[in-house]
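**Student:** The lines below spell out each chain.
Number of protein chains: 2
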Amino acid sequence: MKFGGTSVGDVARIKAVSGTIRSALRPNRKIIVVVSAMSDQTNKLIELTKDLGVEGTIDPEYDALVSTGEDVSASLLALALKKLGIHARSWRGWQLPINTDSFFSNAKIKSVNTKKLIQSFKDGLEVAVISGFQGVEANSRITTLGRGGSDTSAVAIAASIGSERCDIYTDVSGIYTTDPRIKRKAAKIKKISFEEMLEMASLGANVLQTRAVELAMRSKTPIQVLNSFSNEEGTLVCDEEEIMEKNIISGIAFQRNEARITLSNIEDKPGVAAKIFGPLAEAGINVDMIVQSSSETGNTDLTFSCSAEEVEHAKEAIAKSKDLTYKNIIVNSEVAKVSIIGIGMKTHAGVAQKMFETLSEENINIHVISTSEIKVSVLIERKYLELAVRSLHDSFELEKI
Amino acid sequence: MKFGGTSVGDVARIKAVSGTIRSALRPNRKIIVVVSAMSDQTNKLIELTKDLGVEGTIDPEYDALVSTGEDVSASLLALALKKLGIHARSWRGWQLPINTDSFFSNAKIKSVNTKKLIQSFKDGLEVAVISGFQGVEANSRITTLGRGGSDTSAVAIAASIGSERCDIYTDVSGIYTTDPRIKRKAAKIKKISFEEMLEMASLGANVLQTRAVELAMRSKTPIQVLNSFSNEEGTLVCDEEEIMEKNIISGIAFQRNEARITLSNIEDKPGVAAKIFGPLAEAGINVDMIVQSSSETGNTDLTFSCSAEEVEHAKEAIAKSKDLTYKNIIVNSEVAKVSIIGIGMKTHAGVAQKMFETLSEENINIHVISTSEIKVSVLIERKYLELAVRSLHDSFELEKI
Numbered sequence: 045m046k047f048g049g050t051s052v053g054d055v056a057r058i059k060a061v062s063g064t065i066r067s068a069l070r071p072n073r074k075i076i077v078v079v080s081a082m083s084d085q086t087n088k089l090i091e092l093t094k095d096l097g098v099e100g101t102i103d104p105e106y107d108a109l110v111s112t113g114e115d116v117s118a119s120l121l122a123l124a125l126k127k128l129g130i131h132a133r134s135w136r137g138w139q140l141p142i143n144t145d146s147f148f149s150n151a152k153i154k155s156v157n158t159k160k161l162i163q164s165f166k167d168g169l170e171v172a173v174i175s176g177f178q179g180v181e182a183n184s185r186i187t188t189l190g191r192g193g194s195d196t197s198a199v200a201i202a203a204s205i206g207s208e209r210c211d212i213y214t215d216v217s218g219i220y221t222t223d224p225r226i227k228r229k230a231a232k233i234k235k236i237s238f239e240e241m242l243e244m245a246s247l248g249a250n251v252l253q254t255r256a257v258e259l260a261m262r263s264k265t266p267i268q269v270l271n272s273f274s275n276e277e278g279t280l281v282c283d284e285e286e287i288m289e290k291n292i293i294s295g296i297a298f299q300r301n302e303a304r305i306t307l308s309n310i311e312d313k314p315g316v317a318a319k320i321f322g323p324l325a326e327a328g329i330n331v332d333m334i335v336q337s338s339s340e341t342g343n344t345d346l347t348f349s350c351s352a353e354e355v356e357h358a359k360e361a362i363a364k365s366k367d368l369t370y371k372n373i374i375v376n377s378e379v380a381k382v383s384i385i386g387i388g389m390k391t392h393a394g395v396a397q398k399m400f401e402t403l404s405e406e407n408i409n410i411h412v413i414s415t416s417e418i419k420v421s422v423l424i425e426r427k428y429l430e431l432a433v434r435s436l437h438d439s440f441e442l443e444k445i
Numbered sequence: 045m046k047f048g049g050t051s052v053g054d055v056a057r058i059k060a061v062s063g064t065i066r067s068a069l070r071p072n073r074k075i076i077v078v079v080s081a082m083s084d085q086t087n088k089l090i091e092l093t094k095d096l097g098v099e100g101t102i103d104p105e106y107d108a109l110v111s112t113g114e115d116v117s118a119s120l121l122a123l124a125l126k127k128l129g130i131h132a133r134s135w136r137g138w139q140l141p142i143n144t145d146s147f148f149s150n151a152k153i154k155s156v157n158t159k160k161l162i163q164s165f166k167d168g169l170e171v172a173v174i175s176g177f178q179g180v181e182a183n184s185r186i187t188t189l190g191r192g193g194s195d196t197s198a199v200a201i202a203a204s205i206g207s208e209r210c211d212i213y214t215d216v217s218g219i220y221t222t223d224p225r226i227k228r229k230a231a232k233i234k235k236i237s238f239e240e241m242l243e244m245a246s247l248g249a250n251v252l253q254t255r256a257v258e259l260a261m262r263s264k265t266p267i268q269v270l271n272s273f274s275n276e277e278g279t280l281v282c283d284e285e286e287i288m289e290k291n292i293i294s295g296i297a298f299q300r301n302e303a304r305i306t307l308s309n310i311e312d313k314p315g316v317a318a319k320i321f322g323p324l325a326e327a328g329i330n331v332d333m334i335v336q337s338s339s340e341t342g343n344t345d346l347t348f349s350c351s352a353e354e355v356e357h358a359k360e361a362i363a364k365s366k367d368l369t370y371k372n373i374i375v376n377s378e379v380a381k382v383s384i385i386g387i388g389m390k391t392h393a394g395v396a397q398k399m400f401e402t403l404s405e406e407n408i409n410i411h412v413i414s415t416s417e418i419k420v421s422v423l424i425e426r427k428y429l430e431l432a433v434r435s436l437h438d439s440f441e442l443e444k445i
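Top line first, the protein sequences correspond to chains A and B.
The first sequence begins at 45 in the working numbering and counts up one residue at a time.
The second sequence begins at 45 in the working numbering and counts up one residue at a time.
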C-alpha cells in the first residue's frame, strides 16, 4: 500500500491511513506500506533551501535533506499503527537497504534487499512502513528517486518481495477514460493493461508515474489505484492477459502545451536526422512526434513536436548544429496533442480512420499523426483540444466503458 | 565545533555559522562540526507527536522521528559551507557509525567509528558536519541520546578522533562565577578544571551537560565554551594540570527548588539506609545530600535532600518501604542548595569555615552541609538564596577572578 503526500498530509490524515491499513489486515497477511512526505513537510524543506539560495541544487546534501520528509511520515505512521495495537515498524531506504545508483536527485533503484523485511515478518511484524522516494548508493549516501519516486519505491518493493498487488492510494478514485474536467462523463476504467497505462501516464494522465508502470509491467506486479479519501472501487492496472473483455479504446490522453517545428528543404540523405536530433538530445529536449515526408527532388521537410516551453531552447540547439542546411524553420507553439489508447486496436481495424473522421466532422485540422500498436496521436490547434477530446469520447462511446 | 539549537535556529543563523567555521579553517586543519536541530524544527516534530497522542513515548519510532531535526540542520549547514567554496559533507550517526546501546530516547554512546571520517579528510574533505544527539544501535535502528545529547556527541567524536579541542558554541559567552541574573558582577572564568565544571554542571549551571563533561574528563579533551552570537573569548574547560594559577574558589552554583526530608528516630543499625534509599532509587528519585547523625541511644535521625518536585513521590516510596520504623517524617520544601566550588580547596584550609561565617553574618541558618574535595554545599531557606549567593560571591572576591 502506497500513500501519497496528500493522503498523509497531516496528523489527522495519518490516523485515517492507519485505520485503512488496519481494515486491510487479515490473518496471515503481511502489509508493506510506502509513504510520501506529508505534503506540507516537503514544502517547508524546499523553503529552507530557497532561503539558503541552493534550491534545486544537484548535491548529495539536497537528497539527504529532502528525504527526511518521508522519514517523518514513516515514523509517525508506525507510531499511529502501534497505537492501534498493530505490530508495526518503520524502515528507511538504507536500513533494508534499497540500493540505487549515484545519480543524486534522480537515482534509479538497482535492487531492494528484502532479507531483513522477510525476517521481521517471520518474527511477528504485521506492517512494515517504508520511507518512499529514497534509497542509498554504494558509498552509503542517501539518494532520492526524482519526481513520483514514491510510486517507483512501492512497485520496486512489491516486485522484489513478490507481493500479490501494489495498491497506490492517491487523491483521485482511479484512472478515467479522460480528464473529467474536460469531459464530465469520463468513466472510471476498472481494468487497464500495463501498456495502455504506460501510454496514459506518459501522455499526461498524471496519476501514476511512467517509471513505476514500466517496473510493474516488467515484474508483472498488478497495481491498484485507489482513493485514500473514499472507499470507492479503483482501477486495476494489470497484464493484458488478465483482462477478459478488452476495450478497443480505453482512454483519451492529451498534452495541452505542445509545439510543432518544421524545417523545410533539408537534404533527404542519410545522416541528416542525426544532425538535427543529436543536438536536441544533447540539449535535453524531449522530442515527441517526428514526421518526415520524402520527395523526389532530394529535398524534403522534417517536422517534430516538443513541449511549447522548450521551443526557444530547441531553436538554439538547431542553430548550433553544424553542416545542417534548411530553408526555413517554421514554429507553431499553439498546438496540442490528443491520443486515443487501447489494446483492442491490435485486433480491430479502422480505429485511426474513425478518429480522423470524428475530428474532420468537427472541422479540426490534423497537423501531424503518429501511431503505435496501441495508440494514435494527432497534433491539432490548441483551441480545439477540448472539442476534440469530447467528440472522440462520444464517438468511441467511452462513457459506457 | 558544536552548535546548539539557537545557534542554528534559522537559515540566517546557519549562514552565520558557516562563516564562523570558515574563519576557523587553516591550512592543514580539519574541522568536525556537530549540530543540534534548528530549535523550531524539534518543536514542530514534538507537536506532531502531541497531535498523534504519543508524545514522549519510549519507542524506536520516536527516536527515528526526532533525529530528523538534526539531519535537516546538518545537510543545510553542509550546503551553506559548500556555497562558500568549502569542501564539506554531512554525516549521520549511522553513516560513521556512532554506535550506542539500545536504550531508546536515552542511549549511551559505546563507540565512534572514525575510519570513514579520517579517510574522507585524507581525500580532501575540509569540514565534516555530523548530526548531533543521535547514534545507531546493534540492529541498525536510530537512537537518540537524551537531554543535551549533542554536547555528548561532540565530545565523544572529539575524543575518539583525538581532536585538539572541542569548541561548544552556545547562546552564552562562557562559564561564569555564578548566574549573572543573581549577581550582576559575576565574572567569566577563563579556565576551569573538568572536576569543577562537573560540579558546576550538576549543580545547576546549565551550559554544559554533565555527561559531556565526564566524557571530556576521562578522555582529557579540552572543551571551549563560546558564544555563537559574539566573538568574545570563552571559557576553557581542561585538565587541572593545565591550569597554572588555581583559584581557591572558581564559582558558586545553586539549585533553587530543593526539599529536605528528615526521618526521626530510625534505628541506628546496619541495613537501615538500604531500606530507605533502595525504594527511593527504584522510584527513580534523585537523592542528593544525605546526613545521618549518630546517637548513643540506638536511635537516630536521617536527613536527605531531593528536588522539591519529587517530594510527594519520595514520601510514597518511603511509606511503601517494609520493616522501616521511624517516628516522624518532617518535610521542608522551601529550601535551596548553594555550593562553592574550587580545586584550590584541596590545598587551602579554612574555605568551608569562611563560607559558614559569611552566611552567619547574614543570619542565614544552615540546615544541611555536605562536602567533597572540591566543593562545599549547604541547604538553606529558599528565600535567602540570592542573598547567600551575592554575599559568598563578595567574600570570595569572585568578581576579580
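These are calculated hints, taken from the structure and not from any lab test.
Some hints here could point you the wrong way.
Note: identical chains are not told apart, hence a pair may lie in one copy or across any two.
Listed below are the simulated SDA-like cross-link pairs for lysine to any residue, each with C-alpha atoms no more than 20 Å apart in a straight line [stated by the list, open to error]:
1) K59 x R426
2) K235 x D367
3) K398 x L431
4) K264 x E276
5) K127 x T101
6) K160 x S184
7) K160 x A182
8) K166 x N183
9) K126 x T101
10) K127 x E91
11) K290 x G394
**Student:** Give a verdict on every hint.
**Tutor:** Hints, one by one, checked against the model:
no. : hint        : result
1   : K59 x R426  : neither (44 Å within a copy, 47 Å between copies)
2   : K235 x D367 : neither (50 Å within a copy, 76 Å between copies)
3   : K398 x L431 : within (16 Å within a copy, 98 Å between copies)
4   : K264 x E276 : neither (24 Å within a copy, 66 Å between copies)
5   : K127 x T101 : between (39 Å within a copy, 11 Å between copies)
6   : K160 x S184 : both (18 Å within a copy, 11 Å between copies)
7   : K160 x A182 : both (19 Å within a copy, 14 Å between copies)
8   : K166 x N183 : between (30 Å within a copy, 16 Å between copies)
9   : K126 x T101 : between (37 Å within a copy, 11 Å between copies)
10  : K127 x E91  : between (32 Å within a copy, 17 Å between copies)
11  : K290 x G394 : within (16 Å within a copy, 100 Å between copies)
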